[in-house]
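Asks: The chain contents come next:
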Amino acid sequence: MSKIIGHEDNINAIRALIKKHKKNDRIFSYIGLFVIGSLAIALLVLFLDLVIDGYPKMNLEFFSNFPSRKPEGAGILSAWVGSALVLIVTFFVAVPMGVASGIYLEEYAKKGWFADLIEINVANLAGVPSIIYGLLALGLFVYEFGLGQSILTAGLTLSLLMLPIVIVATREAIRAIPVHIREAAYAVGATKWQVTLHHVLQYAMGGVLTGIIIGMARAIGETAPVITIGALTFIAFLPPTPVTDVAPFINFAWLEAGFTVLPIQMFNWISRPEHAFHINAAATGAVIIILTLLMNGIAIKLRYSIRKKIKW
Amino acid sequence: MAKKNPKISRALAKNIRRNFVERLIEIALMLSGLIAVLITFGIVFILVTESLPFFEAVSLKEFLTSTVWTPNFEKKNYGILPLVSGTLTITGISLIVAVPLGTITAVYLSEFASHKIRETIKPVLELLVGVPTVVFGYFALLLVTPLLQKIYPDLPTFNMLGPGIVMGVMIVPYIASVGEDAMRAVPMSMREGAYAMGATRFQTAVSVVMPAATSGIVAAYILAVSRGIGETMIVAIAAGQQPNFTFNPVESAATITAYIVSVALGDLEHGGIGYQSIFAAGIVLFIMTLSLNILGQWTRKKFTERY
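The listed protein sequences derive, respectively, from chains C and A.
Each number in the working numbering corresponds to the 1-based position in the first sequence with 34 added.
Each number in the working numbering corresponds to the 1-based position in the second sequence with 482 added.
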């Protein structure tokens, strides 16, 4: 009899134990939600603050005025034009090279030390701090190649940063394509390049595009390497226009022009002691944030919709 | 057999041309692939050649042991330690913030969150990774530091605490997403075993999943340290750019990256010792981050090999 009572005690003890552990479970899931929630709220507050602070400046004049010593009339014309031109260079350098590297590694490279060497380098380049790329560009592009502190130099520098992103995205997109797609193309007599260009790359396009958008978004906000190559912080002129009204309608003089970009303009205004400049900085920050969040959002959305849509 | 069939020889000629083009394309693709290797070599080459004259003027012993870094003073001193101390202190503060928050987020997302919650939070984390650091620098200098000054009035405008905290918040998504990947890679059978013995979710997470994913989680921390060390704009904006040999978070200091930025902002005389010194600082930074990245990748790989 006494044994059974002891037995009941045991059951109660076990029940209490289970209760306690279940409580721990609940407590942790509250902690988890709390941590994520407060992080999200903190960041949301910060972004809202940025937008609200910068809101008074958000008008057409802000985009059509040059920076100035007077904070009221100062704008970001030279900065956004500079950013746009630099990104054009970055795009045309990083995308072909990145996609070609990705194709080579996935479709052409034979397993071996050579492919391993490239792979290790790509992985490591993705982790190199951006300012190191700035130093490379300062030594190599600015002085060794004599390109100066120009839009071309900045574009090349940022394309180094974008390259690993495009390579990794291309590889992942290609890897997801099943072998039978390639086999079907080979079966009707396509060469390796035809298979790659007409079939593999077509299916990988969405994934590649995601990588390109994410890389471009990163290039817009990247500041340190562009400062390191010696971009000017105060620019009150525009580079020569890329499109002219006389033949051949395109000129490349803008590549050699001095420039500034959005994040550098923002950095410059943050560093001023006057509060009025901080408002300009907030407005510029809001422009950068909205651009990058928008681009990243599109990229993420694109990736999810590709994942959903494609059923091999 | 003797007569040549024009149709066949035309086809053969086409074939030869086709193979030739194929070969050319392959070579072009291979050259593009090589660019990654070239960039790495370029970085090492430039860092070494541009800083060689610096190390002729400044002994390696002074560079590594002197605690004074005053390149702009009359009496120039080049000891990297003040920059290293600043870098380590700010990275340390950011880790104190990011490791607990990141780990909790990772455990929650991997073991507790429902499918729906996870699918909403993960894209948001990805979005946060894309926020430019110059914006975080703005927050550190103009929002977080004034807030901290309300609690601790003696805090100078430029200090290491504010940027450290902000950097921590910036790093949370990295730790969370790499850590979550590591924990999700732990086979379901291990969890099922734990559940079958009556373990709760929390017990399973802490005593089964986390130990199994240790190397992946450690890799996440290591990569986070590397990111913190290489972070530039937050510290250049909010920590002051004054080299200061201290580990005290409420003082202002410069990091390696902030020093490079401050020199680059001034007039850079090509070939001057100021110009050379940023490459010397760059070498230290590159070695620190590269070894951490290699260590992180190695730890991560070790983990994936086990299952």
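In case anyone wonders, no lab produced these hints; they're calculated from the structure.
Glycine residues also receive a C-beta, built at the ideal position from the N, C-alpha and C atoms.
Check before you lean on any hint, since a few could be wrong.
To be verified - Here are some, though not all, of the chain A residues that point toward chain C, as calculated from beta-carbon distances under 10 Å: (1) M512; (2) E608; (3) V613; (4) V626; (5) L630; (6) I633; (7) G712; (8) T714; (9) T728; (10) V732; (11) I742; (12) G778.
Asks: Checking hints one by one. Is T728/A an interface residue toward chain C, by the C-beta closer than 10 Å rule?
Replies: With a closest approach of 23 Å, the T728/A hint is violated.
Asks: Any CB of chain C closer than 10 Å to the CB of G778/A?
Replies: 8 Å, holds
Asks: Using Cβ atoms only, decide whether G712/A comes closer than 10 Å to chain C, and label the hint accordingly.
Replies: At about 3 Å, which falls below the 10 Å cut-off, the nearest Cβ of chain C leaves the hint on G712/A intact, so it holds.
Asks: Checking hints one by one. Is E608/A an interface residue toward chain C, by the C-beta closer than 10 Å rule?
Replies: At 6 Å from the nearest chain C Cβ, E608/A passes the 10 Å test, so the hint holds.
Asks: Hint check: is the beta carbon of V613/A less than 10 Å from a beta carbon of chain C?
Replies: This interface hint holds because 7 Å falls under the 10 Å limit.
Asks: Taking 10 Å as the limit, does the beta-carbon of V626/A come near enough to a beta-carbon in chain C?
Replies: 9 Å, holds
Asks: Tell me if L630/A is really an interface residue toward chain C, meaning its C-beta lies closer than 10 Å to one of theirs.
Replies: 14 Å, violated
Asks: Would the stated hint for M512/A survive a check requiring a Cβ distance to chain C of less than 10 Å?
Replies: This interface hint holds because 6 Å falls under the 10 Å limit.
Asks: Restraint: V732/A near chain C, CB-CB cut 10 Å. Satisfied or not?
Replies: 21 Å, violated
Asks: Grab the minimum C-beta distance from T714/A to chain C and call the hint holds if it beats 10 Å, violated otherwise.
Replies: 4 Å, holds
Asks: Taking the closest Cβ pair, is I742/A under 10 Å from chain C?
Replies: 6 Å, holds
Asks: A closest beta-carbon separation below 10 Å is what the hint needs, so does I633/A meet it against chain C?
Replies: Constraint on I633/A not satisfied, violated at 16 Å.
The structure is inconsistent with the numbered hints 5, 6, 9 and 10, although it conforms to all the rest.
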